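Taken in sequence, the protein lines are chains A and Z. Offset between the first sequence (1-based) and the numbering used here: plus 7. Offset between the second sequence (1-based) and the numbering used here: plus 7.
If a hint is listed, it holds; no wrong ones were tucked in.
When chains are identical, the list treats them as one kind, so a pair holds in a single copy or across two.
No farther apart than 30 Å at their CA atoms in a straight line, the calculated lysine-lysine pairs in the DSS-like style are these: (1) Lys84 <-> Lys49; (2) Lys244 <-> Lys49; (3) Lys244 <-> Lys81; (4) Lys31 <-> Lys52; (5) Lys143 <-> Lys217; (6) Lys366 <-> Lys327; (7) Lys366 <-> Lys252; (8) Lys252 <-> Lys143; (9) Lys252 <-> Lys31; (10) Lys182 <-> Lys271; (11) Lys84 <-> Lys244; (12) Lys217 <-> Lys244; (13) Lys276 <-> Lys181; (14) Lys271 <-> Lys340; (15) Lys244 <-> Lys31; (16) Lys271 <-> Lys181; (17) Lys252 <-> Lys271; (18) Lys401 <-> Lys279; (19) Lys81 <-> Lys52; (20) Lys276 <-> Lys401; (21) Lys84 <-> Lys52; (22) Lys217 <-> Lys279; (23) Lys352 <-> Lys64; (24) Lys49 <-> Lys31; (25) Lys332 <-> Lys352.
Just so you know, the hints here were simulated from the structure itself, not pulled from any lab data. All values derive from a computational prediction rather than experimental measurement.
2 protein chains.
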Amino acid sequence: MATALLFGVSAMAQQALWGRAAVKSPEINPDHSVTFRLYAPKAIKVEVTGDFLPTQKIQTPFGEFDGPGYAELKEGKDGIWEYTTDGPVAPEFYNYTFRVDGQSMVDPSNVYINRDVSSLTSILLVDGDPIIDLFKVCDVPHGTVSKIWYHSDHEGIDRRMTVYTPAGYETSGKKYPVLYLLHGIGGDEEAWYTQGRASQILDNLIAQGKAEPMIVVMTNGNISQHAAPGEGPEGMKSPNMQLPKTMEGTFETCFPEIVRFIDKTYRTKAQKQFRAIAGLSMGGFHSCHISKQYPTMFNYVGLFSAAISRENPGETDIYKDFDQKLATQFAPKNRPALYYIAIGKTDFLYQDNQNLRQKMDANGYPYVYVETEGGHIWRNWRFYLADFCPRLFK
Amino acid sequence: MATALLFGVSAMAQQALWGRAAVKSPEINPDHSVTFRLYAPKAIKVEVTGDFLPTQKIQTPFGEFDGPGYAELKEGKDGIWEYTTDGPVAPEFYNYTFRVDGQSMVDPSNVYINRDVSSLTSILLVDGDPIIDLFKVCDVPHGTVSKIWYHSDHEGIDRRMTVYTPAGYETSGKKYPVLYLLHGIGGDEEAWYTQGRASQILDNLIAQGKAEPMIVVMTNGNISQHAAPGEGPEGMKSPNMQLPKTMEGTFETCFPEIVRFIDKTYRTKAQKQFRAIAGLSMGGFHSCHISKQYPTMFNYVGLFSAAISRENPGETDIYKDFDQKLATQFAPKNRPALYYIAIGKTDFLYQDNQNLRQKMDANGYPYVYVETEGGHIWRNWRFYLADFCPRLFK
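Okay, chain A solo, but in the shape it has when bound (with noise of 0.2 Å):
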């Protein structure tokens, strides 16, 4: 009782230590609406902005875009703030921030956090939506993630990628398709795992008996980067979303390292028929250089809004060429068993994603074709994700 004892305090304690506001945020409701509280007993103004609102007109020096909207939190006693929505939240993977006289800051009473290049938003996951729910961490047999280093000869540089083996696969003794599932810009090897919920989707599809058992290999496509921020040798420096050697080829023209690192150091099946590679906006851009410039290499291609519209942006060959390479990949002996291109209405992608189905349809290439509500976003991509993986390998 005594060490029982001694530990609430310490906890206690610990608490006091860093000031942890007692209040509960967000709370489900029972009629799915949600709860926003915040100890702020000074402020002046405090709000809540998140994706679950109606968007709004932003003005930039670029021009108007579209971005979540602000709700307002009334004070209540205590200096406790409190908003709640108005009616039920469609279920969804949401990320919220609040905002206090002016200063943006992630959720006090929330440990779930998540990073998107250098912003830290709050997360909050409504459930009761079967694509909703292939999100959650369901009570099905799990696979294995791991953070893994490769030697990358191009560059003379270890660099890390995020591995996830289904389950079983350690004591299977059999072997596995492989997914390269590559990342946007400002990304890297964790965001798929993390934002993407591709474990996730991966555990319930496989589960469900919807999707094949695959590996999944989350590159960092950075090429000039170790690893994400903070894991790599340089330190836990403030991200950049202005990297060098994003997309002037390099990454694309040593991806087959990558292929032969997975091939060595995994069990799989290592033949074209069994691989796919997807990836989204600049990673579905790397996904159509890298699957034209290999086009023996990978029989299942996804775009998911892929910054397409870049013809010959770079110093190396590997976007010269473009329609005959694509040409070369749609032969009959190398045409992919799937070449999906999925897009949201209102992606600023969009056009470009229109004008290579135009050069597809003329060529008589064969694809898959899905266009979602919305724009540039991770609900998005999630959805794409699910909608990919069991199309694969059957």
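We have chain A already, so just place chain Z on it with the hints.
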């Protein structure tokens, strides 16, 4: 160029959406002082608290405790508040938060966050000391860190653990010794990986030739819990310090199923002479009881600030006959190659550890004793791990 511009816009818009303050914080200055900054144009009082500041007495309902002090930031122009430490800050891996008019918050300019139970803190690593530099990601070969699930037959649930395998494990074909590394109360399978910097410490010690390449198994010692908060089917609930079944014997009783899982799943040297167990606080308590309950299982035992005062705290019989079981553990045929006891001078468990030492001394049981400054804090536990590992498997 068009797409590059659009990405820039997207990034700008995103920053505008989430309202990130464009201040640099923390900033380590050339003289190793540290400057903290916060944009808070309407705040009345802004403070920073962290373990780099001199401690101050904190009053709680349970008594007086040493906690980190607070320092006030001064408001400068454009609503940016600033504080620079009074001279250089000693090398260490620090936690800190801001307090704005009474509301605690992480530093919105610093994406590096730590969660300890239900508290979030910002991270500051000041390097320049050989021990502290072990906590950094250095340009050395890196082991793999995996989140892997095992089935607990005893509890009938799948449970998650963190496993470090040393650089080269995947392709070496060799077998490795295993250190089981246990967290404290309120912690989970993430604690040693995040706050404990275990993978960095092991990478660096192995690269320096100071520690043998070993597998490190970081279990979740809260036996009723599937996984760390947010990572299990319990969902994104607020973390709870008071979990059921943490120190009542179940975890210790069924620990052999973890060892069997590891020996089945990894290439281990599956004999006592190649097994170590260590833990901090509750994990030291667990390590003490597991190692004496199964005296033929572990050859190296580490008690880091161990909570070993409870002699018969639970329902099961694992805590019974302490003296007799210790005698069996230290009988010549079982005697561990190393029994390591480490404690800080101001730890609230100091006297309990001295009592254990007296018992060991009275019976002539050999052990290594390490006493440090400070109390029941991660600074000590990281140091103990760095001091303990080089003594293993030699």
